[in-house]
Every structure is written in structure tokens, then in C-alpha cells.
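Use these hints to put chain C onto chain P, whose structure you have.
One-letter residues, chain by chain:
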Amino acid sequence: MSTLKVDNLLNTAGNESPISVPGAAKAWVSFDGTAGAVSVRSAYNVSSVTENASGDYTINFTTAMADANYAVTTLGHTKLSANGDQRVLGFDEGNTYTTSAVQITNRYYTGASFSGCTHASVAVFAS
Amino acid sequence: MSKIIFTNSDGGVSVVHPSGEVPINELPAKLGLTDYEIVDDEVIPSDRTFRNAWVKSGATVAEDLPKSKVIAHERRRAARAEEFKPHDEVIMKQIPGADATAAETARAAIRTKYATMQDEIEAATTTAEIKTALG
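As given, the protein sequences belong to chains P and C, one line each in that order.
Residue 66 in the numbering used here is what sits at position 66 of the first sequence, and the numbering runs on without skipping anything.
Residue 109 in the numbering used here is what sits at position 109 of the second sequence, and the numbering runs on without skipping anything.
If you are wondering where the hints come from, they were derived from the structure by calculation, not from laboratory data.
It should be emphasised that the depicted structure is a prediction, and the values quoted were computed from it without experimental measurement.
Ideal placement from N, C-alpha and C gives every residue a C-beta, glycine not left out.
Certain hints may be false.
So these bits of chain P aren't anywhere near chain C, every CB distance computed over 12 Å [claimed, not checked]:
1) S2
2) N11
3) A13
4) D32
5) V46
6) Y57
7) L75
8) A101
9) S127
Pair by pair, the computed Cβ-Cβ distance ranges are [as the list claims (entries may be wrong)]:
10) D88/C / R41/P: 40 to 48 Å
11) T73/P / A128/C: 24 to 32 Å
12) L75/P / E82/C: 45 to 53 Å
So here's chain P without its partners, still in its complex pose:
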């Protein structure tokens, strides 16, 4: 068995992101969408997070995806009221989904209005 030890992997253009490793996320971000100002905790291949409205975010990629056939997984959490509102962070009808950005929304489980999300995690997988 061989062991591969490296500090950095570069793509063919000599850049670190996004490298093409099957199974590895091409972009990911963890952010707080409710603080006084939305804050990005950590990210990879994400240049910025745009808050369009309460609970409505666009994740902007640093390096665009090759096509828009990528997969997105999301995880969101917010508990603002005593009864523990259930929210769904995901892709809503009308949201944009392009090679350079993906728009996600945090909606009440009951289908009502959007709401800010304290812990939002988004990962993008692409070929």
C-alpha cells in the first residue's frame, strides 16, 4: 500500500480552488444569517454570501462551476421562539441556480414566510 502525503493540490491551471477530486465538495460555506450583519464563518470557493432579504441568500462561487448540473446539500437551524419553529433551508421555486451562484432560502416548515438562519451550511458537489 502506498501513502500519498501532500500539503496542497492544484488544478491544471495552477490554482488551489476548485480542485477536481471526485467526491470532494467544489464549494462549501458555513454562515450565520441572522446576526446584526450576516457573517461567513468559513468557506471554500465561496467569494461571498448575499443576503437578499430575511432568510434569502445567494452563495457566490469564487471559481464558477463547469455547468449548472451540480448537487447542493444544505443544513440550517434556527430556534427563535419558545415553541421551536421548524425551518427548512433549501431551494425554493424561483430561486436562481447558475454556474456562478446558487440561491437558497430558509422557510418556515409550515410554508409561511422566510426567516433568518443562525447556522447555515451549504456544500456543492460537481463533476
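Below, chain C without anything else, positioned relative to chain P:
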């Protein structure tokens, strides 16, 4: 860290929060923005009560009064519905007696409370007055 603000297609304010991977002065071109402002964090209001009523005013963010009133009324209706719930359940069971009478009395008080709040919201001339009305 600074932010970028711009007016979005809904007329509201979009706030761009950089991750640090790309210098903020390079982001507008990357995002295709032409009409925008790079502002200090302090420009973004910390009070998000009327987040969806934010409008860009030069290099500042303001709360639009009519939009704030719409949001306030939505919250008023939602709060009223929550307060009605336990009394509605009593009345729904249609069991004659003291409980039903008390529920009707409580519902009347709730109606009055929120009718007053509705008037106060409509009469407000500032968003601060709306927030006061909401309690």
C-alpha cells in the same frame, strides 16, 4: 470587514458579505454589480425587525415606512391568531357553560387589544412608532 449594498430586483436591499477569498473591491465586477456602495459594517442596521423593508439610500440603509407597516400588520395578525387559539378550541367544542363564556370574553379583549394596535400602526409616522405599537 466591509459590506457591499445594492438595490435588488424587488426594490429591497441586498447585502453582500465577503468570505475573504476575494478582495472586496473585486467583488462588484465578479457579481456583475454596477450600482452599489461599499460600506462599513456599522451601516447595516443591527435591528432586523423590518429587514424586508430595508431600502438603499445612497450609502446608507433606511427602513421604508409603508413596507414596515405591511410587515407589522403580518406580525400583528400572527400574534392575534396565537392568542385566539386556546379560546377558539374551547368555543369549537361548543360545550355550554362558564368556560365558553370566559372564552368569548377573552376573545373580545384580544380583538380590542389588536384593533388598537392596528390603529397605532396605521397612525405611525416613523418605524420607531411602529415598533412601539408592536410592543
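These are the hints, each one checked on the structure:
1. S2: holds, 33 Å
2. N11: holds, 15 Å
3. A13: Non-interface label stands for A13/P: nearest chain C Cβ at 16 Å, farther than 12 Å.
4. D32: violated, 10 Å
5. V46: Not fine: 5 Å to the nearest Cβ puts V46/P too close to chain C.
6. Y57: violated, 9 Å
7. L75: About 18 Å separates L75/P from the closest Cβ of chain C, which puts it past 12 Å; holds.
8. A101: violated, 8 Å
9. S127: holds, 22 Å
10. D88/C / R41/P: 40 to 48 Å: Once the Cβ atoms are compared, 43 Å apart, the range 40 to 48 Å for R41/P and D88/C holds.
11. T73/P / A128/C: 24 to 32 Å: Distance hint for T73/P, A128/C is violated at roughly 41 Å.
12. L75/P / E82/C: 45 to 53 Å: violated, 28 Å
The structure shown violates the earlier hints numbered 4, 5, 6, 8, 11 and 12.
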